[in-house]
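Participant: In case you want the letters, here they are:
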Amino acid sequence: MTRPIRQHLEVPVADGDGERYSLRMGPQHPATHGVLRVDLELDGETIVECTPQVGYLHRGFEKLAESKTYAQGLILTDRLDYIAAMANNVGYCVAVERLLGIPVPMRAKYIRTIVGEMSRLCSHLLWLATHALDIGAMTVFLYCFREREILLDLFEELCGARLTFSYPRIGGVRQDVTGWFIDELQRFVDIFPSRIEEYETLIDTNRIWLKRTVGIGKITGEEALDLGLTGACLRGSGINYDIRKHQPYDAYDQVEFAVPLGSEGDVYARYRCRMEEMHQSIRIIQQCIDQLPPGPIVSPEAPELVMPNKAKATIQAGRSEYGTSLIRLIRERDIFLNGDVYVATEVPKGELGFYFISDGNNRPYRMHIRSPSFIHIGALSQIARGELIADLIANIGSLDVVLGESDR
Amino acid sequence: MNIIWMLVWIIVLFCVVMLHVAYATYFERKIIGRMQVRMGPMRVGWYGLLQPIADGVKSFFKEDIVPERADKPVFLAAPIICLVAMMTSLAVLPFAKGWVLADIDIGLLFVFAMSALASYGVVLAGWSSNSKYSFLGGLRSMAQVISYEIAMGMSLVGVMLMAGSLNLSEIVEAQGDSFLGMYLMPQCIGFFVFFISMLAETNRVPFDLPEAETELVSGYSTEYSGMRYAIFFMAEYIGMMVMASIGTICFLGGWNGPFPVPFFPPLWFVLKVYLFMFIFIWIRATLPRYRYDQLMGLGWKLLIPVALANIVLTACVKAVIG
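These protein sequences, in sequence, are chains A and B.
Mapped onto UniProt numbering, the consecutive letters of the first sequence carry residue numbers 1 to 408.
Mapped onto UniProt numbering, the consecutive letters of the second sequence carry residue numbers 1 to 322.
Some hints could be false.
[As the list claims (entries may be wrong)] Within a straight-line C-alpha distance of at most 20 Å, the following computed SDA-like cross-link-like pairs (lysine to any residue) qualify:
#, chain 1, residue 1, chain 2, residue 2
1, A, Lys211, B, Met296
2, A, Lys211, B, Ala22
3, A, Lys63, A, Gln287
4, A, Lys211, B, Ile283
5, B, Lys62, B, Ile80
6, B, Lys72, B, Tyr120
7, B, Lys58, B, Ala22
8, B, Lys30, A, Leu142
9, B, Lys30, A, Asn362
I should point out that these hints are in silico values taken from the structure, not numbers from a laboratory.
None of these values were measured; they are calculated from a predicted model.
Build the full structure now, drawing on both the sequences and the hints.
Facilitator: If you want it as structure tokens, here you go:
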């Protein structure tokens with residue numbers, strides 16, 4: 001058997017002006033935040049062309065969802081932005097509820113708002129950790145993980161999982177919060193602002209940090225809108241757009257919070273936006289804890305679509321009739337309408353949208369996910385052109401991309 | 001007989017330094033661990049004290065990979081060039097009065113020459129690996145060493161002028177044994193330049209650009225594995241010790257301390273060197289990494305002019321006071 005001919009990489013020797021040096025950064029690279037590949041054309045260390053390549057993590061979730069019932073599709077959303085799985089769950093549930101017209105009890109709305117904001121903190125902490133590490137500040141990385149660990153413990157108390165939660169359900173949440181959870185969350189809310197100050201002490205006034213972030217990767221507000229950026233990447237450029245404010249869902253219309261805005265649109269502005277967002281998240285969680293109303297956690301309108309008490313009882317009795325009862329319900333009551341709906345929610349990385357086309361079946365005819373990371377990666381080539389390799393790393397970090405969400 | 005004694009001293013020095021290098025890694029991991037709210041090595045030996053030994057044994061038995069299209073002789077020689085250059089510098093360091101292997105009159109120049117030679121190892125490693133990341137790492141190292149070597153050399157000219165010698169033992173003697181005699185205060189500008197250049201020269205944070213793991217995936221050492229990789233880091237740690245020793249000798253009064261130690265004269269010297277090592281590690285835990293062009297700008301636009309001004313100032317003061 002003959003061995004396949006291998007292509008060898010050769011270090012080229014520059015023999016004239018204008019010769020470009022090509023570098024494939026990723027998909028295995030510590031700073032590409034997953035499996036992003038960036039094809040670079042370099043002049044020295046200056047980037048002449050930057051072409052992001054995605055698709056190394058593609059799992060076909062959108063197609064897969066067409067073979068799952070709406071309730072079963074929920075678990076797929078955990079695997080999108082696995083850093084903030086809870087926010088994706090909430091987004092999916094909100095979208096399906098709007099499609100099916102299912103109301104959600106107030107208590108469940110508050111709980112979802114709490115977990116959504118906890119998810120935002122988890123995501124921003126991991127972003128800060130890796131962004132700082134990319135720029136070389138190692139200690140912040142470990143400090144952020146210290147706090148993230150507390151949040152993961154709280155999630156574990158809530159639903160038994162630390163990464164893929166599937167805790168929110170269509171029409172409510174899976175189970176109620178415990179007293180221990182609320183106490184520990186309150187303790188976290190009390191200490192966390194001082195921890196943010198600790199991170200800022202390390203990097204915020206650090207001359208090297210400022211030199212690496214101020215004026216780097218500038219995007220104007222108009223450019224950001226043209227590129228379709230959302231979340232802190234858009235708000236860092238001064239555009240006031242936050243779905244939690246503009247199209248409130250869950251309990252966001254019941255709480256007060258500010259939308260932090262930047263003006264320069266550079267790496268530093270995006271960094272500041274996210275740091276301020278963490279303060280606002282704490283504010284939201286505190287208000288939700290204070291206002292948490294009593295009552296049911298599952299909508300009576302959609303008892304069979306979640307893990308209902310009745311189904312729970314039958315499972316405990318040894319008979320799992322959840323799936324069959326669901327199908328029976330769907331056949332008996334024609335609750336699925338024909339039509340389509342696009343519902344967006346504000347996840348930590350930006351606007352996460354679910355587009356459903358329903359043909360009256362219990363499964364979506366078509367599901368499309370508008371994921372912020374995919375859009376943000378698209379902006380990379382424009383932002384990085386003309387800058388240095390080290391700035392590309394800072395830019396990838398500041399765009400806060402997760403490839404699980406991009407390669408759905 | 002002299003040669004035999006010399007060989008014995010070389011072996012003793014080699015063993016002591018290698019042990020120090022091994023435990024400098026432990027020291028670093030423990031201190032950074034404390035700063036980063038984690039434990040550091042805890043498993044091998046009491047409080048992880050045997051971890052450096054375990055790491056050494058592991059590195060020795062790991063597979064030695066040479067890339068298929070690498071320039072093999074250069075690839076194999078590069079880490080050895082680094083190590084030998086750094087080890088050679090140790091010969092001229094006076095650890096205490098009379099505790100020096102080669103008490104030569106151009107000690108300081110010799111240390112510079114050797115530390116500059118070590119960068120050849122890095123450049124050759126980057127070139128011969130036939131990897132683009134390594135190549136960029138090698139190029140960065142070359143530019144970095146050129147700019148910071150000049151600043152560092154100039155920062156010590158003030159010390160040379162004050163001591164009137166390039167012999168390291170004489171520089172220590174010239175500072176006397178009192179706290180006020182140390183060149184740290186009269187040469188504070190020189191010390192500032194020397195300290196920053198020292199970090200850059202040893203590729204330490206915030207100037208660890210040749211290996212920048214998040215940009216160049218470890219740069220010049222990307223393609224190295226096992227013992228060859230470890231040799232680069234041995235050289236780096238010896239480099240840190242050499243630079244810490246030069247800082248101690250030129251600015252902190254060398255082996256002199258508040259009182260003489262009868263059975264172990266180098267005690268003060270070792271303590272001062274470890275103070276420098278601690279600062280190296282502290283900085284690593286605190287600061288982000290410079291960008292490449294910013295690093296060059298700092299070297300050429302700030303450090304070299306400041307060092308030149310220091311030379312002029314020192315010379316003028318010396319001419320006036322005598």
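Participant: All hints, please: hold or fail.
Facilitator: Hints and how they fare:
no.	hint	verdict
1	Lys211/A / Met296/B	holds (13 Å)
2	Lys211/A / Ala22/B	violated (35 Å)
3	Lys63/A / Gln287/A	violated (39 Å)
4	Lys211/A / Ile283/B	holds (17 Å)
5	Lys62/B / Ile80/B	holds (18 Å)
6	Lys72/B / Tyr120/B	holds (16 Å)
7	Lys58/B / Ala22/B	holds (13 Å)
8	Lys30/B / Leu142/A	holds (15 Å)
9	Lys30/B / Asn362/A	violated (58 Å)
Hint violations for this structure: numbers 2, 3 and 9, all remaining hints satisfied.
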